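Take the sequences, apply the hints, and build the full model.
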Amino acid sequence: MTAIYGHEAAPNHPAPQQHRVGLPALWFGLFGAPAAWAAQLISNYALMSHFCYPRDTPLASPTFGGVRPLAIVIAAVLLLVAVAALFVALHSWNATRYRRDSEHHEVAEIGEGRTRFMAMAGILVSGIFVYGVLMAGIPLIAMPVCQF
Amino acid sequence: MASTTAPVPLPERLTRIWETAPGLYGVLATVDHKVIGKRYLVTSMIFLLLGGAEAAVMRAQLAHANEQLLSPEAYNQIFSMHGITMIFWYAAPVLSGFSNYLWPLMLGARDMACPRANALSYWTFLMSGVFLYTSVLVGAVPDRGWFAYAPLTEAAYSPGLNMDFYAIGLTFLSVSTTVGAVNFIVTLFKTRAPGLSVNRLPIFVWGTLTTSFAILFAAPALTAACVLLYFDRRFGTHFYDPALGGSSLLWQHLFWSFGHPWVYIVVLPAMGIVSDLIPTFCRRPLVGYTLVALATVSTGILGFGVWVHHMFATGINATASSFFSAASMVITIPSAIAVFSWLATMWHGRPVFKTPMLFAAGFIVLFVIGGVSGVATAANAYDLQLTDTYFIVAHLHYVLIGINVFAVMAGFYYWLPKITGRMLDERMGKLNFWLMFLGFGVGFFPMHTLGLLGMPRRIYTYADGLGWGWQNMWITIGAYVFALGVVVFIVNFFWSLVNGAEAGSNPWDAPTLEWATPSPPPPYNFARIPIVASRHPLWEDRINEGTGRSVLETGPMLDKGRDTFGTTPLDAEPDEILRMPEDTAWPFFLALSVLVLAYGLLFGVIWLAAIGVVGLFISIIGWFMPSHEPTLTLET
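Here the protein sequences line up with chains A and B, keeping their order. Numbering-wise, the working numbering comes out as the position in the first sequence, counting from 1, plus 272. Numbering-wise, the working numbering comes out as the position in the second sequence, counting from 1, plus 29.
Because the hints were derived from the structure by calculation, they are not lab data. Hints may be right or wrong, so weigh each one.
Listed below are several chain A residues computed to face chain B (Cβ distance under 8 Å; list not exhaustive) [to be verified]:
{"no.": "1", "residue": "N284"}
{"no.": "2", "residue": "F300"}
{"no.": "3", "residue": "P326"}
{"no.": "4", "residue": "R327"}
{"no.": "5", "residue": "G337"}
{"no.": "6", "residue": "A356"}
{"no.": "7", "residue": "G385"}
{"no.": "8", "residue": "F389"}
{"no.": "9", "residue": "P411"}
{"no.": "10", "residue": "V417"}
Here are the in silico distance ranges between beta carbons for each label pair [claimed, not checked]:
{"no.": "11", "chain 1": "A", "residue 1": "A367", "chain 2": "B", "residue 2": "R263", "range": "29 to 39 Å"}
{"no.": "12", "chain 1": "B", "residue 1": "R456", "chain 2": "A", "residue 2": "I413", "range": "54 to 64 Å"}
{"no.": "13", "chain 1": "B", "residue 1": "L372", "chain 2": "A", "residue 2": "W299", "range": "49 to 59 Å"}
{"no.": "14", "chain 1": "A", "residue 1": "W299", "chain 2": "B", "residue 2": "A492", "range": "58 to 68 Å"}
{"no.": "15", "chain 1": "A", "residue 1": "A307", "chain 2": "B", "residue 2": "R263", "range": "35 to 45 Å"}
{"no.": "16", "chain 1": "B", "residue 1": "N528", "chain 2": "A", "residue 2": "W299", "range": "44 to 54 Å"}
{"no.": "17", "chain 1": "B", "residue 1": "A492", "chain 2": "A", "residue 2": "M415", "range": "49 to 59 Å"}
{"no.": "18", "chain 1": "A", "residue 1": "A307", "chain 2": "B", "residue 2": "L413", "range": "26 to 36 Å"}
{"no.": "19", "chain 1": "B", "residue 1": "A184", "chain 2": "A", "residue 2": "P330", "range": "23 to 33 Å"}
{"no.": "20", "chain 1": "B", "residue 1": "T49", "chain 2": "A", "residue 2": "S321", "range": "51 to 61 Å"}
It should be emphasised that the depicted structure is a prediction, and the values quoted were computed from it without experimental measurement. Glycine included, every Cβ here is placed at the ideal spot set by N, Cα and C.
Here it is in structure tokens:
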């Protein structure tokens with residue numbers, strides 16, 4: 273702790289539980305799922321575009337027959353990464369559940385420390401992007417590979 | 030007898046250190062974030078008025094069928110400049126104005142982390158705007174829309190200087206946005222007050238931080254697109270020419286992979302404005318702070334995965350485009366989180382409908398309507414029916430006016446008392462709101478039905494007997510009522526500068542740090558650097574937040590020079606004292622050099638471009654000339 277917090281009437285450290293959860297876990301919980309979603313979007317778009325519209329002519333069927341299984345495997349792996357990020361965020365949140373910064377109970381409303389904030393943020397972000405990965409997976413199953 | 034000198038009081042000492050020199054040198058050399066912020070606000074509002082005047086002329090042309098007020102060529106120029114001005118030179122810069130002015134005050138710092146870069150950001154913004162509008166003087170105004178679809182912009186189809194102004198002007202502007210974005214990011218992670226950890230930031234700060242990262246990823250795509258366009262037009266390359274191996278869709282991919290994130294760039298800080306002022310007028314903290322903060326970040330990320338929904342009608346693979354359709358629907362989740370948080374805050378609080386709150390409430394209504402029409406166009410099949418109709422015009426104006434302009438107006442009524450020291454008049458404020466809100470509804474809602482009836486966008490007139498005439502007249506009347514509301518705001522602003530009641534430091538009894546400073550704040554912002562204990566430093570006793578209390582009156586002085594704390598990125602622990610740079614005119618000369626370079630490239634005059642390049646290098650050398658002032662350490 274730096275001297276500044278030794279000031280008279282100075283506040284407590286903003287991250288009193290930083291020792292309970294490491295930063296890598298917090299960052300993975302926060303950005304693991306968005307990274308998985310971005311990778312899925314790019315790979316899906318690249319695969320479908322490349323094998324269905326290789327040059328100037330749109331095709332009725334892809335030039336590589338295994339494109340759908342390949343895309344589904346990639347989506348499944350990335351879904352696992354996103355779900356893992358969600359669980360890591362949940363774990364971080366549980367690991368910091370004893371801390372309350374005030375009499376208020378609303379974790380989302382009044383601050384409860386930076387560590388718990390990042391953990392909760394990870395839950396929210398991972399939840400949204402797990403859903404995003406699932407949504408982007410629907411066309412892989414429900415639509416023809418090449419449709420114009 | 031030895032004479033003793035009375036010690037100079039702290040505010041006076043700090044004023045001497047931080048104030049800008051008077052005269053022309055001070056005008057050109059100031060790096061004070063408050064001055065730069067005010068300049069951003071005024072300049073962007075001038076661009077708003079220019080874009081608004083263009084819109085007024087367009088609406089006069091469209092009020093009747095077969096109207097001949099404008100020729101097709103003039104209409105093309107005016108609707109192009111309206112879009113370019115509003116989207117690039119008003120919507121984002123006005124938010125940069127608020128951020129520049131407010132960030133150091135909200136963060137408990139004495140200036141932005143890179144004050145000279147901040148000045149450069151403003152000067153390049155101003156000069157790129159001057160560059161764009163000199164197209165009027167030479168009669169070569171950009172005329173292919175703000176989206177500038179290739180190959181219509183290629184030299185074969187657009188032979189004048191018109192689209193060169195566009196390509197060079199936007200490249201010029203991207204210098205400003207990129208420099209500004211870097212400055213915001215560094216400021217956030219380096220110069221917050223001790224204790225102001227990331228979980229205690231105002232939502233407005235989250236909004237601007239998210240957009241700053243978005244700019245770093247999005248702006249290069251536009252710059253690349255414009256540079257390639259310039260190469261095609263001037264050097265005979267064929268990047269966008271399908272006949273010779275290029276691709277016209279390349280423009281659309283580059284443009285929209287920039288363009289859609291840009292939509293969030295111009296709305297997320299605006300949403301932050303509303304998120305921060307609603308608690309003040311509801312007398313309670315924002316419900317779901319963490320959710321709103323991270324919904325902001327999530328929206329910024331998702332915003333990069335939706336650009337193809339602008340291209341559903343281009344003939345690309347429907348399966349491939351459906352991934353973007355899915356992403357466009359997912360983005361409704363964080364938006365809904367924000368809306369429900371605002372509503373819950375109002376529901377659980379005691380709303381006081383002063384003018385800023387009225388604009389915030391109006392913003393929520395328009396946000397929801399614009400959001401719903403956005404979800405509609407996210408559906409691939411539905412979008413194919415609506416593409417290039419007035420439905421899209423309605424949607425984009427609900428988003429850009431509803432979410433940006435209404436929030437900006439709310440921000441002006443909320444923070445102008447801090448900036449000028451005078452309250453705006455409430456009666457004129459309410460009149461201002463109702464004229465804008467009702468005018469907007471009358472003017473823009475019927476565009477939905479016009480679009481569904483099949484009226485295409487970007488047409489300069491239409492035939493009689495299609496059933497569009499009375500609705501267009503209705504829209505024009507609404508647009509003029511809306512414009513009258515803007516006029517009332519301008520009158521209110523100037524009237525209040527002279528006659529407005531004195532604001533005092535915290536006229537709204539607001540919770541965040543900027544309200545701990547006098548109105549207007551002194552050049553040094555805080556006489557003593559605050560030590561922050563909570564998200565609402567000025568409401569701590571009232572809401573019993575946190576276990577400690579913020580230190581606002583007795584914190585460190587840092588009065589030996591232009592000093593502010595350097596703090597750690599997450600927890601804002603002080604780890605160094607930063608000696609901030611002195612005022613300098615080099616950023617101005619650097620921007621001026623870029624302007625000269627831009628004209629050299631525009632007219633193809635090599636020696637003029639060379640002068641610009643030389644000026645640019647001289648300015649950089651002068652800028653980075655080392656200072657020999659001693660710096661402090663935490664120990665001293």
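Ascending list of hint numbers which this structure does not respect: Result: hints 2, 3, 4, 5, 6, 11, 13, 17 break, sorted rising.
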